[in-house]
Amino acid sequence: MKTKIILLAIFLCILTNSIHGQDEKRKFLFLETGIDGIGCSTPDKDYIRAVSDPSTSQYYSDKIIALMMLESIGLKFEYRTVSNKFGFSGGLQYTRMITSIGRDSYMSSAPDYFYVHYDPNSINTEYAKVRELNQKVDYLGIPLELRIYPYKDRKVNFYYKAGVSFNLKINSKSDIVFYNDFMEMYRNNVIKVVEKAAPYYTTFNLGLGLKVGKSEKPGFSIEVNAPIEVIFPDKSYFVKPQAGGGFQIMARIPINNPKNEK
Amino acid sequence: MKNNLIKITIGLAIILASCSKEFELDKSVFIPDKDYPDLPAYTEWGYNTFGALYDRDLFLYNSSSVPVKVINTAGKTSFTLKGHKGQSGYSYSNNENSMSLNFDLYGFQPASFSNLMELNDTIIDLTSPLCKVSLMVDTIKYQVAVLNGTLNFRRAQNLIVDKQQIEVILSGTFEFQALIDNEPTSITAGRFDVGIGTDNFFKY
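Quick mapping for you: the protein sequence lines, in order, are chains E and A. Going left to right, the first sequence walks through residues 6 to 267 as the numbering used here numbers them. Going left to right, the second sequence walks through residues 55 to 258 as the numbering used here numbers them.
Only chain E is shown next, with the shape it has when bound in the complex:
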């Protein structure tokens, strides 16, 4: 098995070198923005109390649910090689992660709130009736991506993509939507029970892209990313993300034009 991997690596090196002579080595700058929706595990928290009615069906849920949305903008540099077939890109990306815990009371008789236990002490068990717990977290990340352009360069082309990103937290804020407005004055006491946001996270994604415009001219691309897997460090945080999907819109600016340079 190990011998096969070494032989494959040597073969790829020889192939790359043999193509190198006819490689155009195009370079591009991408300005991109995107939005992803990520599904999360059902929250299982000691401080949340809500009892699901066992008679509710799978269509009329009254469970507590968690949702995650990632909004991002970024700047990337892409370097293409092997006759413009492969594009390697890296850059900088700012992401706002919006997470929310609420109750799925849609089409069920369940109340649209749940109970949050706060201020624990020996005499009183205190709950606040809460509609939503929200967290907004800003991350700065480095995306690394590989794009495969298997088809001849036309005005409109499909391509494939695989990517990974490493993201570090720069800011976070938790928020509560109370059922009763007068509980606003106890906001700071209640918010203490909410876990901190993850200090960093990693994503893996696969995608399909649509490139509009020929490579030597500015153009744009639309990418559909699915699945996207979000991985937090192995600790307990506000939500437990699983996988989801999303899309990106990218403005593409060619930095060089090898045909003209020749």
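FYI, nobody ran anything at the bench for these hints, they're computed from the structure. Some clues are possibly wrong.
In silico DSS-like pairs for lysine-lysine, Cα to Cα no more than 25 Å straight-line [claimed, not checked]: (1) 81/A x 68/E; (2) 130/A x 50/E; (3) 197/E x 217/A; (4) 134/E x 81/A; (5) 50/E x 217/A; (6) 240/E x 166/E; (7) 217/A x 134/E; (8) 32/E x 157/E.
Start from chain E and add chain A according to the hints.
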């Protein structure tokens, strides 16, 4: 006119007081015990559950009965656990094999449910003359001659929702040996975690 205004105000006050009931918190939450998975684990959250071993059988809360009633009358306060005798009792919804265990506490006179906080960290010797135990299975009431045992109110807490007291949570354990209908019987591993509020506290 003034009388009407007073009546309306009192009516509104009653409606508002009844609105303070939290139906979601009345529901029972079953967390299985690690050692006895058929029994609810001992908790202190007001999960409205109780359970015990009646010799080798189960005595458990069920979904159709109010799990606990506290009744203060005639100089005594009764702490009554009502449920079911037999396997999987917590999901039963009929009256077959219904069972209730009643502890009469003499000398304890709570004026309202909030006075049940006085029971915090209280151990009651069930052989004491200030306590009487009785048992009802289906519609037959059995006299219980307690040989030994205790009822332990480990913790009493106020349950407060949005700064308003809803009920008092009583959590504790009980265990005793007794002659029930002249048959030696053991009730062991008893535990309860129940909420008592305006709907299940009675004084008359």
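A quick look at each hint next to the structure:
Between the alpha carbons of residue 81/A and residue 68/E the distance comes to roughly 15 Å, so the proposed pair stays at or under 25 Å and holds. Of the pairs offered as hints, the one joining residue 130/A and residue 50/E is violated, with about 40 Å between alpha carbons and a cut-off of 25 Å exceeded. With a CA separation close to 17 Å, the supplied pair residue 197/E and residue 217/A stays within the 25 Å bound. For the proposed pair residue 134/E and residue 81/A, the alpha carbon gap of about 16 Å is at most 25 Å, so the pair holds.
Between residue 50/E and residue 217/A the CA atoms are separated by roughly 22 Å; this keeps the pair inside 25 Å, and the hint holds. Restraint check for residue 240/E and residue 166/E: not satisfied, since their Cα atoms lie roughly 30 Å apart, outside the 25 Å limit. With a C-alpha separation of about 10 Å, the suggested pairing of residue 217/A with residue 134/E holds against the 25 Å cut-off. At most 25 Å may separate the alpha-carbon atoms for a hinted pair to count; residue 32/E and residue 157/E meet this at roughly 17 Å.
In the structure shown, a violation is registered for the earlier hints numbered 2, 6, in ascending order.
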